[in-house]
Amino acid sequence: MNIQQLIDQIENEFEEVQPGTIKPESSFRELEGWSSMHALILIALIDNEYDILLTGEQLKNAQTVQDLFEIIQSK
Amino acid sequence: MGYITVKNTVIKAIYTSVPKQKVYTKDYDWVSVTERALFAKTTGITERRVASSTTTCSDLCFQAADALLNDLNCRDEIEMILFVSQSPDYFLPSTAVILQDKLGLSKNTLAFDINLGCSGYIYGLSVVGQFLQSGNIKKALLLCGDKSTISTNFQDKSTYPLFGDAGTATLLVYDDTVENWVIHLASDGSGKDSIIIEHGHSRHPYGMISDEYMEYEPGVIRTKKHLALNGMDVFNFALKEVAPSIKFMLEHFDKSIDDIDYFVLHQANKLINESVRKKLKIPAEKVPYSIQDFGNTSSASIPLTICYSLKNEIESNHLRLLFAGFGVGFSWGSALISTSRIRTKIIEHD
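For the record, the sequence lines run as chains A and B.
So the first sequence is residues 130 to 204, counted in my numbering.
So the second sequence is residues 8 to 357, counted in my numbering.
Please keep in mind that the hints were generated in silico from the structure rather than gathered at the bench.
The calculated lysine to aspartate or glutamate pairs, modelled on DMTMM-like cross-linking and capped at a C-alpha distance of 25 Å, are: (1) B/K285 / A/E140; (2) B/K285 / A/D137; (3) B/K285 / A/D176; (4) B/K286 / A/E144; (5) B/K293 / A/E142; (6) B/K33 / A/E142; (7) B/K254 / A/D176; (8) A/K204 / B/E248; (9) B/K286 / A/E199; (10) B/K286 / A/D137; (11) B/K33 / A/E145; (12) B/K277 / A/D137; (13) B/K288 / A/D137; (14) A/K189 / B/D200; (15) A/K189 / B/D240; (16) B/K254 / A/E178; (17) B/K33 / A/E144; (18) B/K277 / A/E178; (19) B/K293 / A/D176; (20) B/K277 / A/E186; (21) B/K33 / A/E161; (22) B/K288 / A/D176; (23) B/K48 / A/E159; (24) B/K48 / A/E144; (25) B/K277 / A/E161; (26) B/K199 / A/E186; (27) B/K288 / A/E142; (28) B/K288 / A/D180; (29) B/K247 / A/E186; (30) A/K189 / B/E42; (31) B/K293 / A/E178; (32) B/K286 / A/E186; (33) A/K189 / A/E142.
Quantities reported herein were computed from a predicted structural model and do not represent experimental measurements.
Please put together the full structure from these sequences, using the hints given.
Set out below in structure tokens:
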């Protein structure tokens, strides 16, 4: 996998986000219209696509898309 | 993983009573229009039914049971009544005992309550099945439901738009010609704080502090007597435990996805249920939903979904079904059950 794949998947799930706007260094909580519901969508996405179940703690500690990518890669 | 077998037991009828009053997600003006749309899309909930202030869960279960007993003409034959709910009429006595009298059942009826939520239907089936399988008791009523809206607060976006009210009645009958059921039941009490009403019982009796409103995060304001729900914890629990429980049942009993006609899952929210479905590679048409029109109805959600989305199928065919209930506790379970022409009905309660 590469990080662009993860970015594409997130942009695909978050309809409010314009394609091409998310960068590896983007803080996902600062994305347009971010809400607590998006956290659940992210967990479901990563579970479905990578079979990795992030804990609430892991998600809380991650700031950027790069951080998420590193968690996925380390598993 | 442990499992139990239930012999000689068959479901004859499932009736559901829902309040007439509809409440729409699009009208939930505690949050922005965008948030309402995202909530509806993610949870799948666009409307739900809310009981009036004078209606209890037992009133809904009573209406469902009363209609069932009239239609199947078997009031005098009921020997057991089990009420599964977390919104009983009183601290005591048991609601099931009250319903024995209200429904005009014989004094020889065995009646008690079980305090479980979203896993309640699976537990209820297993308990009633244990009583029926020896043949000493021939007919039993399983009543499952909740008036969850009594404990949610309008200013708490994490609970208020999620829950709907419903009461159900399932008629179970002794029959020594039917296939065995197999049921997996499990618990993890370390998740107790993830879905909890903290005050009002013996650990934290109701007091002045129980009425104090606190803001836990933006859009989440409630008191300690309200229902608190940690969405992230519940979500993680469901993704971790539900699919393995279903998978265990299939593998252990040498069944494939193709052998099961429908997987009826507790209607938690669409994101959870779809994640479970995709993880197990179950075709979408085998996973019926009722959440869009009724919300999360706790232990009523599996029987309600059957009445609402599988009516024609279940009334006219022999089906092999897999039920999965999961939630508050944490408590969860799955049941592999064959059915044959079950009578169903949905009634509206004024």
